[in-house]
Amino acid sequence: MFYIDNSSCYSGYLIQVLYYLCPMQVTAGQIADLIGGVIDGDETVIVNGPSRIEEGLSGTITFLGNPKYTEYIYTTNASVVLVDKDFTSNKPVNPTLIRVENVYESLAILMEKFNSNITLSPGISKSASVSSDAIIGQNTFIDDFVIIKPGARIGDNTKIYGQVFIGDNVSIGNNVTLYPGVKVYHNCEIGNNTMIHANVVIGSDGFGFARDEEGKYKKIPQTGNVIIEDNVEIGSNTVIDRASIGSTIIKEGVKLDNLIQIAHNVTVGQNTAIAALTAVAGSSEVGSNCMIGGQVGISGHIQIADGTMIQGQSGVTSSVKGPNAKLYGTPAIEFQSYLKSFAYFKKLPEIVQQIRDIQTSFDIFKEKQKTK
Amino acid sequence: MFYIDNSSCYSGYLIQVLYYLCPMQVTAGQIADLIGGVIDGDETVIVNGPSRIEEGLSGTITFLGNPKYTEYIYTTNASVVLVDKDFTSNKPVNPTLIRVENVYESLAILMEKFNSNITLSPGISKSASVSSDAIIGQNTFIDDFVIIKPGARIGDNTKIYGQVFIGDNVSIGNNVTLYPGVKVYHNCEIGNNTMIHANVVIGSDGFGFARDEEGKYKKIPQTGNVIIEDNVEIGSNTVIDRASIGSTIIKEGVKLDNLIQIAHNVTVGQNTAIAALTAVAGSSEVGSNCMIGGQVGISGHIQIADGTMIQGQSGVTSSVKGPNAKLYGTPAIEFQSYLKSFAYFKKLPEIVQQIRDIQTSFDIFKEKQKTK
Amino acid sequence: MFYIDNSSCYSGYLIQVLYYLCPMQVTAGQIADLIGGVIDGDETVIVNGPSRIEEGLSGTITFLGNPKYTEYIYTTNASVVLVDKDFTSNKPVNPTLIRVENVYESLAILMEKFNSNITLSPGISKSASVSSDAIIGQNTFIDDFVIIKPGARIGDNTKIYGQVFIGDNVSIGNNVTLYPGVKVYHNCEIGNNTMIHANVVIGSDGFGFARDEEGKYKKIPQTGNVIIEDNVEIGSNTVIDRASIGSTIIKEGVKLDNLIQIAHNVTVGQNTAIAALTAVAGSSEVGSNCMIGGQVGISGHIQIADGTMIQGQSGVTSSVKGPNAKLYGTPAIEFQSYLKSFAYFKKLPEIVQQIRDIQTSFDIFKEKQKTK
Numbered sequence: 000m001f002y003i004d005n006s007s008c009y010s011g012y013l014i015q016v017l018y019y020l021c022p023m024q025v026t027a028g029q030i031a032d033l034i035g036g037v038i039d040g041d042e043t044v045i046v047n048g049p050s051r052i053e054e055g056l057s058g059t060i061t062f063l064g065n066p067k068y069t070e071y072i073y074t075t076n077a078s079v080v081l082v083d084k085d086f087t088s089n090k091p092v093n094p095t096l097i098r099v100e101n102v103y104e105s106l107a108i109l110m111e112k113f114n115s116n117i118t119l120s121p122g123i124s125k126s127a128s129v130s131s132d133a134i135i136g137q138n139t140f141i142d143d144f145v146i147i148k149p150g151a152r153i154g155d156n157t158k159i160y161g162q163v164f165i166g167d168n169v170s171i172g173n174n175v176t177l178y179p180g181v182k183v184y185h186n187c188e189i190g191n192n193t194m195i196h197a198n199v200v201i202g203s204d205g206f207g208f209a210r211d212e213e214g215k216y217k218k219i220p221q222t223g224n225v226i227i228e229d230n231v232e233i234g235s236n237t238v239i240d241r242a243s244i245g246s247t248i249i250k251e252g253v254k255l256d257n258l259i260q261i262a263h264n265v266t267v268g269q270n271t272a273i274a275a276l277t278a279v280a281g282s283s284e285v286g287s288n289c290m291i292g293g294q295v296g297i298s299g300h301i302q303i304a305d306g307t308m309i310q311g312q313s314g315v316t317s318s319v320k321g322p323n324a325k326l327y328g329t330p331a332i333e334f335q336s337y338l339k340s341f342a343y344f345k346k347l348p349e350i351v352q353q354i355r356d357i358q359t360s361f362d363i364f365k366e367k368q369k370t371k
Numbered sequence: 000m001f002y003i004d005n006s007s008c009y010s011g012y013l014i015q016v017l018y019y020l021c022p023m024q025v026t027a028g029q030i031a032d033l034i035g036g037v038i039d040g041d042e043t044v045i046v047n048g049p050s051r052i053e054e055g056l057s058g059t060i061t062f063l064g065n066p067k068y069t070e071y072i073y074t075t076n077a078s079v080v081l082v083d084k085d086f087t088s089n090k091p092v093n094p095t096l097i098r099v100e101n102v103y104e105s106l107a108i109l110m111e112k113f114n115s116n117i118t119l120s121p122g123i124s125k126s127a128s129v130s131s132d133a134i135i136g137q138n139t140f141i142d143d144f145v146i147i148k149p150g151a152r153i154g155d156n157t158k159i160y161g162q163v164f165i166g167d168n169v170s171i172g173n174n175v176t177l178y179p180g181v182k183v184y185h186n187c188e189i190g191n192n193t194m195i196h197a198n199v200v201i202g203s204d205g206f207g208f209a210r211d212e213e214g215k216y217k218k219i220p221q222t223g224n225v226i227i228e229d230n231v232e233i234g235s236n237t238v239i240d241r242a243s244i245g246s247t248i249i250k251e252g253v254k255l256d257n258l259i260q261i262a263h264n265v266t267v268g269q270n271t272a273i274a275a276l277t278a279v280a281g282s283s284e285v286g287s288n289c290m291i292g293g294q295v296g297i298s299g300h301i302q303i304a305d306g307t308m309i310q311g312q313s314g315v316t317s318s319v320k321g322p323n324a325k326l327y328g329t330p331a332i333e334f335q336s337y338l339k340s341f342a343y344f345k346k347l348p349e350i351v352q353q354i355r356d357i358q359t360s361f362d363i364f365k366e367k368q369k370t371k
Numbered sequence: 000m001f002y003i004d005n006s007s008c009y010s011g012y013l014i015q016v017l018y019y020l021c022p023m024q025v026t027a028g029q030i031a032d033l034i035g036g037v038i039d040g041d042e043t044v045i046v047n048g049p050s051r052i053e054e055g056l057s058g059t060i061t062f063l064g065n066p067k068y069t070e071y072i073y074t075t076n077a078s079v080v081l082v083d084k085d086f087t088s089n090k091p092v093n094p095t096l097i098r099v100e101n102v103y104e105s106l107a108i109l110m111e112k113f114n115s116n117i118t119l120s121p122g123i124s125k126s127a128s129v130s131s132d133a134i135i136g137q138n139t140f141i142d143d144f145v146i147i148k149p150g151a152r153i154g155d156n157t158k159i160y161g162q163v164f165i166g167d168n169v170s171i172g173n174n175v176t177l178y179p180g181v182k183v184y185h186n187c188e189i190g191n192n193t194m195i196h197a198n199v200v201i202g203s204d205g206f207g208f209a210r211d212e213e214g215k216y217k218k219i220p221q222t223g224n225v226i227i228e229d230n231v232e233i234g235s236n237t238v239i240d241r242a243s244i245g246s247t248i249i250k251e252g253v254k255l256d257n258l259i260q261i262a263h264n265v266t267v268g269q270n271t272a273i274a275a276l277t278a279v280a281g282s283s284e285v286g287s288n289c290m291i292g293g294q295v296g297i298s299g300h301i302q303i304a305d306g307t308m309i310q311g312q313s314g315v316t317s318s319v320k321g322p323n324a325k326l327y328g329t330p331a332i333e334f335q336s337y338l339k340s341f342a343y344f345k346k347l348p349e350i351v352q353q354i355r356d357i358q359t360s361f362d363i364f365k366e367k368q369k370t371k
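Chains as they are written, first to last, in numbering that gives the first Met the number 0: chain P, 0 to 371; chain G, 0 to 371; chain S, 0 to 371.
Chain P with its partners taken away, still in its complex shape (with noise of 0.2 Å):
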């Protein structure tokens, strides 16, 4: 549970084709040109709106992704839908198709080209507290009540909404998004094209402690920080600690869901993608390609092999040394394997009473043997 979710209804773009170009109208092999698709039925149908598969009306677009949806493509009153180019019909379809290579990448084509934004003015609202020791790029977009501390370097097309703090010495990219109420501590790195949602945190200090004889903690200040490159987006109320020393690392690609918790010193690889509720403890590093359901846990002080799978719930306390293992469980085994024992585990008075019976059978035969 919990991996990557497209769902069904990811044709959010063809709002976006809507408000562009209502009251003008587009047909289905207009539509295909954009997105090197292949007609499969009438190219001049109208389409002047989008629509969810199992709700399509006439004269809307709709798209099958998830293959729990196939039924609905015989039903649907959609004018055209756009399909997997192997998709295979067994019964009638009546919406012209649109076969692509993927059709998850088609939408996302396509709503780059047609998606549209709040319109944000650039420039640096009046209400702001940007200090005269803060570099400002071009293009870049301050919103009201936000906070600039001295050092701090934000790039060009950036866009920071209200109520966010970027503390001493923070560097921000360009095309960088941060959402309303953001705090991002002192000495934090954050690259390019990276888009961070509503109330995250970023650089707060790591949970470290070192307990004296009484059994009192004494904090151990946390001297690093975090860097963030390139192209990754983080979901809300996320917090990413500092490194007690060095870098807390989240590599290029990377995307967090809401409310994660990464610890200090912890490295996530490229393009690894983690789903809501998840914690990764201290000092561990997770490889590049992952897919991590949510609310997992991750221990500290382990390193997790490139491409793994981890399903939702599970609880991974060693290192995962082979590339592309799938996990399950805690603590987190084999995947199949924890379904084989889980289906076992279902089955346990069953069991029980099987081993009673033959312990049963077993004694009335040496008795009878006996009496024999």
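What the hints contain is simulated information worked out from the structure, not anything from laboratory work. Treat the numbers as computed from the prediction; the structure is a model and nothing was measured. Beta carbons: idealized from backbone N, C-alpha and C, even for Gly. Heads up, none of these hints are tricks.
Some chain G residues well away from chain S (every beta-carbon gap over 10 Å; in silico):
| no. | residue |
| --- | --- |
| 1 | F86 |
| 2 | V129 |
| 3 | S317 |
Only some residues are given here: those of chain S computed to face chain G with a beta carbon under 8 Å:
| no. | residue |
| --- | --- |
| 4 | K215 |
| 5 | Y216 |
| 6 | Q353 |
Using the hints, position chains G and S against chain P.
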């Protein structure tokens, strides 16, 4: 665990009685009149303050809600105790009892009569940033450093505390409370009589990406919104993501605890309550009147029937079709079945020993038979 | 997993040594003097910076805390290593060793001597909104866009970063740090020397509702408060709810990690440490000196004895009566018992096969006996 938890100490309203009535005093009879209760004991006994049942002093009122605290009714020095109408004592009880249909509901009624709030003067703080293109209702309070963007519409008698962010075209009803630091992204809708606690995020982007052939993620824009209906309460630091297309919907009367993750395109049905740190993944539909414990995970694209109860830390990975099921475990199974299997899980070392013993005794037996 | 995790890299203070002493240099002997350590090797070796043990370069100092990193002491090029006084090498060690009673404590002591902070000028920002009915101590720093409501009292030498909200009648001690975006609801109390990280919420309403006969929830007002004693540290985005009546209490020396949920009327005992994403449900009492892993769930209305250790992701559903227990699993049982049972859980397919084999061989045997 983590079911809705009316702890034994919800006599909070009584503090309010004190605020309002002191140095005045009320009698047991007057309180019984207010809540339609039946006096069992001295109705003239005077109450001048509240207390917990386990710490009750003479002259105070307390209540018995959770049966775990029953023993204290025989030892408390409190003068008055609210109890269920069917309460039967097996030892002498000193305090005056007020018997009511539903102890907690009576508490709630009393509190509604007596509860006070921090007094807020209606009006818009000069240090708020409110767009001239926003519409603000009557008798509404907008605190310092609030941001309200163009096109937003705020109803009457609504309280918006400091440092809240309200995005473009957001719609907020009447009698709503937004506590400090709440962030509401553009186009979201919040119904009447709804209370949203500090640092909640409503409407951030759903976690949706398409992977290209190089394994890089491309963002799928999330162009829908969040709709929160009337009479909803949402706990601190909870996140509700906007839909990719359409709406993420929190229906009437839903109660969400703190630090919850509601993913894009989820629907949560009427009067469902969810405890802290639970995650509902994308496009799932949770029915009405469900009670969901803390740290539960619900997979994407599934349906949870009305009245389902889910024990804390369970992971629900497939649809729950019949109503009023009770579930436990990861993956979740029927509650009692889980407990039975877990009881045997604890005994697995003994069970395995038992199997070995049978094997051994059978081997010995066979050997003996041979040598006969 | 997720126990308090003094990762191998807490030589953070050394960076501070650099800041203060560079371009000056210190000798191993000078460092040993500072921390009361014993030199084992060349005391004149010069240190001009810190490094991690696994990456150590000549001229740097590092330390060996976690035994997992012992191998690196034989290969590191660092010039000086802090080690436990009882450390024994089984191969030649090149660096000068400084032997100390407790490596982490020595680090903490050194850091206290050398650590620097971002310098803040005391005083109240003109862009803060501070009630004239609030009392602010000496040498206290109040940053931009902070809100302090009437009746609040703030001690001396306290730092309140930007966008913090302090409600009516809140009391805050001396030497407290509130990082950006912290929200403290009315009537809560925060002790001396306490540090609260960004976007933490203190004192939001507990999750308490009474259900009426139609199944609708009625809010039970939460009229108590939160009391945080001295020397507490609270991680980012953690939430501590106010009591319904009375107080939710975080006792002296408690350390809470990020994204933790502490429900209403909970007490957490002295010097207990809790890792990220853990939830303690309503009215439970956690003892002192407990160590609680990440993503643990503790049910409502139970007691956890002093010194209890709870493994990450465990779910504790009943009171823990004897001190110093170690627990694992959901529902949690004794730690070693869980591991033993889990070892057999993994082998369930083989165990079931074994039962089948016994049954089969017994059946064959019986058949043979018959035919004899």
